[in-house]
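All chains should be modelled from the sequences, with the hints used to inform the complete structure.
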Amino acid sequence: MTFFLAGIATLLAAAVLQAAVPRPLRLAFFAFVTVAGLIAAGTGALMTLLNGTESILFTLPFPFERATLELDPLSAFFALTISLGGIAGTIYGVGYLGGYPERSLRGHLFAFALFLVSMLLVVTTRAVLSFLFAWELMSLWSLVLLFFDRSNDEVRDATINYFVAMHVAFALILTGFLLFMTRSGSGDFASFSAVMSDPSFTETALLILFAGFAIKAGFIPFHSWLPKAHPAAPSHVSGLMSGIMIKTGIYGILRFTLIVGVPTTRFAIIVLVVAIVSSVVGVLYALAQHDLKRLLAYSSIENIGIVGIGIGLSMIGMRIGNGPLILLGMTGALIHLVNHSLFKGLLFYGAGALYRATHTRDIDKLGGIIGRMPKTALLFIIGSVAIAGLPPLNGFIGEFVLYLSMLSGAPHASGSYGGLVVLTAGALALTGILALYCFTKACGIVFLGSPRSNAVETARDPGGAMIAGMTILAFAVFVIGLYPAPLFALAVTVAAGYPYPGDAAAAAMPVVATLGSVSRVLLLFILLFAFLYYIRNRLIAGGGGIAPAATWGCGYRHGTARMQYTASSYVSPLMTLSGRLLGLGTDLERPQGLFPARTAFRSHPHDLVDDYLIAPGAKLIRYLFSLLRWVQSGDMAQYILYGVLFLAAALVWIMGGN
Amino acid sequence: MVFRLLRARWRHGSQAVPDPTTAMPDPMFRGFPDIAKEGAPSAEMIAACPGAALTVNPVAIDLGKCHLCGSCARAANSPIRLTNRHHLGQTRRDALIVTAGTSFEEYHARAEKGRDEIRRLFGRSLKLRSVSAAGCNACEMELNATTNANFDMLRYGIDIVASPRHADAVIVTGPVSANMADALEDTWNATPAPKLLVLMGACAISGGLFAASPALDRRFFKDHAPDIYIPGCPPHPLTVVNAILHYLGRENGR
Amino acid sequence: MDRLLLKNRAAIPFDDLPKISYQALGDIAVGCLCAALRPVALFGVPEERHAESVRIVALFADDAQGTLAVTSVSAQRGATVPSLTPSIPAFHLFERQLWEEFGIVPEGHPWLKPVRYPHDGHPPRRIEEGYRYFAMKGEESHEVAVGPVHAGVIEPGHFRFLCDGERVNHLEIQLGYQHRGVERLFREGPLAAKSTLAESVSGDAAVAHATAYAGLVEALGDTVIPRRASVIRAIGLELERAGIHLGDLSALCNDIGYLPGTQLFAVMRTDIINTSLVLCGSRFGRGLLTPGGVNYDIDEKKKERIIATVRRIRDNAGLLAASIFDNQSVLARFEKTGSVDTATARAVGLVGPAGRASGLTCDIRLTHPTDAYADHPFMKTILQNGEGKAAVSGDVYARAFVRHQEIQDSLRYILELLERLDAARDGIIAPVAPPRPDMIAFSLTEGWRGETLHAAVTGGDGGTRRYYIKDASFHNWFGLALAVRDNGVSDFPLCNKSFNLSYCGFDL
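Chains as they are written, first to last, in my numbering: chain A, 1 to 658; chain B, 1 to 254; chain C, 1 to 508.
Worth flagging that the hints you see were computed from the coordinates, not collected in a lab. One or more hints might be untrue.
Calculated from the model, a selection of chain B residues having no Cβ within reach of chain C, i.e. all distances over 12 Å [as the list claims (entries may be wrong)]:
| no. | residue |
| --- | --- |
| 1 | Glu-38 |
| 2 | Glu-112 |
| 3 | Arg-129 |
Just a few of them, taken from the derived set where beta-carbon distance is under 8 Å, the chain C residues facing chain B [stated by the list, open to error]:
| no. | residue |
| --- | --- |
| 4 | Tyr-133 |
| 5 | Asn-274 |
| 6 | Ala-343 |
| 7 | Ala-347 |
Label-pair restraints from in silico Cβ distances [unchecked claim]:
| no. | chain 1 | residue 1 | chain 2 | residue 2 | range |
| --- | --- | --- | --- | --- | --- |
| 8 | C | Arg-125 | B | Glu-117 | 40 to 50 Å |
| 9 | A | Ile-433 | C | Lys-336 | 42 to 52 Å |
| 10 | C | Lys-137 | A | Ala-615 | 46 to 56 Å |
| 11 | B | Ala-109 | C | Arg-125 | 44 to 54 Å |
| 12 | A | Arg-557 | C | Thr-80 | 25 to 35 Å |
| 13 | A | Thr-551 | C | Pro-437 | 32 to 42 Å |
| 14 | A | Ala-429 | B | Lys-113 | 36 to 46 Å |
| 15 | B | Lys-113 | A | Phe-531 | 51 to 61 Å |
C-beta: ideal position from N, C-alpha, C; glycine also.
Structure (structure tokens):
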């Protein structure tokens, strides 16, 4: 705990002191201090995970009065995730911000440090007011970070959308808290367990709370802000928002489930269904995108869905007393959560490097990047392999544990629950294959082939700090993929906090063994691959080497970059099937007549939630407000009348009071 | 329904040529020209020769130019007789010239075999990439026919592939129009070494009927020496198969 | 008198050609729409005395009357004329050709691009130089560019597909790679010695081109060939037709992965073309025809062999076709793939089996018969498909079915002709008179691909001033481009094979 508090203090110091450092040294100073703070905070969290819960009590001025900061395994797990992601994000971000020498960045860095602090506080406070305070700080500072490129309309719209979404979430969470407080009589989270005696009441309150946290996490249909905010934010911020911040929504769900339990089976099924929809629909939406960062944003929704699947399975397990579902569902979710924070950060940072180099996020304007930005390409491809859940990288491990939970849990689940688990496995498999499809599209179109526009011509790898930030993440992606047992052990520590029939630690032992053999197989696989690569090179060297040659173009000498598959064409076979379901619009101007003068094609990836929920909602609100427009007529006489009426009313009130 | 298909299949029996190395085409086939030592071709015969293959001094037919149209052989009192001997492949351009009195056996003995390295590399597996460079589609169809159920060149491990990247040899048909010169060059360059250059048909070997046309561009052959010449207009599939087998040292098919 | 009516294979003095204005030509062309006249050719003939002058000869066919209408327009090289293409699309390639060869600019032409990059163009262009492909707007669509060197053993040509995903929205076909200067070679030396060249115009339709060429030389010299020769020519032509159609049915089956069809039709094709070999020493019928008659007679032994093979193949092909054309998995790929409706087919002037599959009735053997076809009318059985209707749907199915139908018709006609052979014992070759000076002649033949036109203008010295060839592919390539619109990329090979057009016959 001492380390953790020291870390927070260091971060606060970084936020304040950087303003005083001269501009040329400011970024380096900030990076140094912030990383030091995050290392301290992370160390504190890790020690807690290994040694057990610690808490500290503050007495604060009105209205907080008593605030507890507590690092239990759940908090520590998230604090560790935030610290890890934050370190890479800070290093990358400092590199990214190096591209804006004309800006002082004082405000931005201040917000950046406080954003990290607020996230650490969100996962450690234990009372309503301090939690909401930290939560609101997190939203506001991220809002400031998001609004980096102020001249851009898209950024402004996304910021407003984000602002509204965060406050709807805030309202829902507040409502949930108030409901709990009516029964517990206290703002202390621990006291909320009082409601457990009334499952239907708990279910209602928890559902409201779930909706609020789901907005933050980005579950469908609560996700509308996410695909807009992520692309609009500067990439080091998108990486942090997508990699870490949305996980606080997951934290909220896990925290209150830990306190009040899973009230009803229906609640568990709702969570699972929302998660399944998020993962499958999220990845389908991701496939339809041609904005690289929007694609990554929808992919975050998909991955939050996968995490949610684990949580949903675990909740069902708690209701039906199914050990493997509880333990492995929860550990799978937690592992995937950490993994996602790593590879999604890596991918967003890669996308940021691409944007910096080409000034476009449109996949169909890129191409041939691998030759121009080899480091970025390699790192992005590592991230893509990981997110597609392919061995030997970390994405595989999380999904493997989830499958393991379903495979070992389903046989012990009664009829309809068994069926549900099997369906969930199918949905997860579908998500996995579509994610692979999605990221072969992203990597293939962006990195391979030849440039589709002039934007690519001058593209170069970014400087050291950005590459370093990404390399840290890629390294972690490899380490967890090849040596998953420690992360699994940490996740088990968290999962063991949930009710489990029997000895959770003992039940986890065989899985550790399995993961051990998995990592041995993967290592063997890598060695075999390396050996084959070596043999291949030897054979080539023996045969006189490889002579590079141009792509075979059917003997045609006037090839253009248009003669390659585009992102839209690549996914077209799937989109003709699912596009209508998803609201994917296509504009095809067919060639008319024998000698057509014009033909064109464009697709618009719509979001059904935007079209059918948000847009009509906004229209309704606009309509309701328009009903009040007469109040602001601009007529002086009318305003004087308001004054007179107010005075008269005040007079009546005072007189009546007396 | 399926029985009707089976019946249709049954009626055809086996159509494969049992041994393409010994099979002979119908006696009507116009193949190796037998030129008698006595007698000389008339001026009309020379004038009627569409590829200017027939010469008087010395009396000879250049199979690299001859379309085997038979006009000289049909003329009255002709010393020329076209036999149905069809193993016409050669490895040197000058070996294609058949002078008076040359027997088929003498002609055939002139055909050389590939170097040891070529026979070691390609003897069991030779992949051809075809380039039709203004071919009239007769050579192309006969080249396709080498892989059909009748001639089935694949039985020797010789096949036609879709990309020069997969090929060991480029087989050229047609006189090479100027408009195809670049594409031919590109295809050759796209084929990995070591590689063979095979010319199929009189047009490819000499320009044939079109030799005098200003629309051709045959500079490719200045830089690249062909390895196998397969004369004819078009060459019979058996001629193609046997020319390649002979070059690979597999003239018995083994 | 704005036009002259003549019969197929007629020669007239060049000076008798009516001379009208290009606008008047436009009026005739527009009149075509109601008068059942079909544009057959439009080509330039450089005037003998004025190097800068070009006589544009226009040929129309009246299929109902069996006549040809011919007229001409005088123009200067580099002149501008009002384009006829907007009203009669079938003229689009002819006008592009006039522009490419003589620099005559058809004003208002919607698609004025090079045709074949001839070596003697005006001005000469390198291949692909100045060709601007039609392109799709938007970065999300892609283009599939194929050729000139294709994956199979095929002639060269460049295909540009405009696609979104796997759907083809537009196909542009750019040819010219095969240009060998054929028309020029026909002009050099005595016209009567060009049999082998005629057979090489398009080697897969050697007999068709040789027939058109021989008929043209005979018309120019006013030579009458023996009846026996005309019968043997027709046998050669129908053998060629049956052989190619069998090969194409095999290839169509191959493109849909229906292997029994692939192999069995292929071996039947081998049987048929080996019968050509028995007839004339060449599997492609080369060397059979010569101006004045044929080089090879059919004796009793040959006759029996031909009869035996033709009967066998007629039965076997009929049986196999029957089992293919009611196989649902075959029909699923053939039907509604690569459709060209009748109106479009008429507008672009489709000819041959492709035109007939789209519901046109064009067939020179029926409408402008000569020689054997005039003596012994070729009768067409309209085979009916499973639903009791003729196959005129214009899709791959219709084109395949028409091929099947024509195989049966051709083989039956060969047997009929062989019966008449004994009655025609007037030899196989007649002496050929040299071409008369200052004449123009037209010779139309129905090759397996369709209407094949050879035309020539002789000079004052009896030499050849202009030799003009129009292969059936000249119109039909554009039909293929239209057929694949809105089809999958992977259906292109199927559509392509159902047309099976000639590259060298187009590029010349």
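Each hint, compared with the structure:
no.	hint	result
1	Glu-38	25 Å, holds
2	Glu-112	26 Å, holds
3	Arg-129	8 Å, violated
4	Tyr-133	17 Å, violated
5	Asn-274	7 Å, holds
6	Ala-343	31 Å, violated
7	Ala-347	28 Å, violated
8	C:Arg-125 x B:Glu-117: 40 to 50 Å	44 Å, holds
9	A:Ile-433 x C:Lys-336: 42 to 52 Å	32 Å, violated
10	C:Lys-137 x A:Ala-615: 46 to 56 Å	28 Å, violated
11	B:Ala-109 x C:Arg-125: 44 to 54 Å	49 Å, holds
12	A:Arg-557 x C:Thr-80: 25 to 35 Å	33 Å, holds
13	A:Thr-551 x C:Pro-437: 32 to 42 Å	56 Å, violated
14	A:Ala-429 x B:Lys-113: 36 to 46 Å	58 Å, violated
15	B:Lys-113 x A:Phe-531: 51 to 61 Å	40 Å, violated
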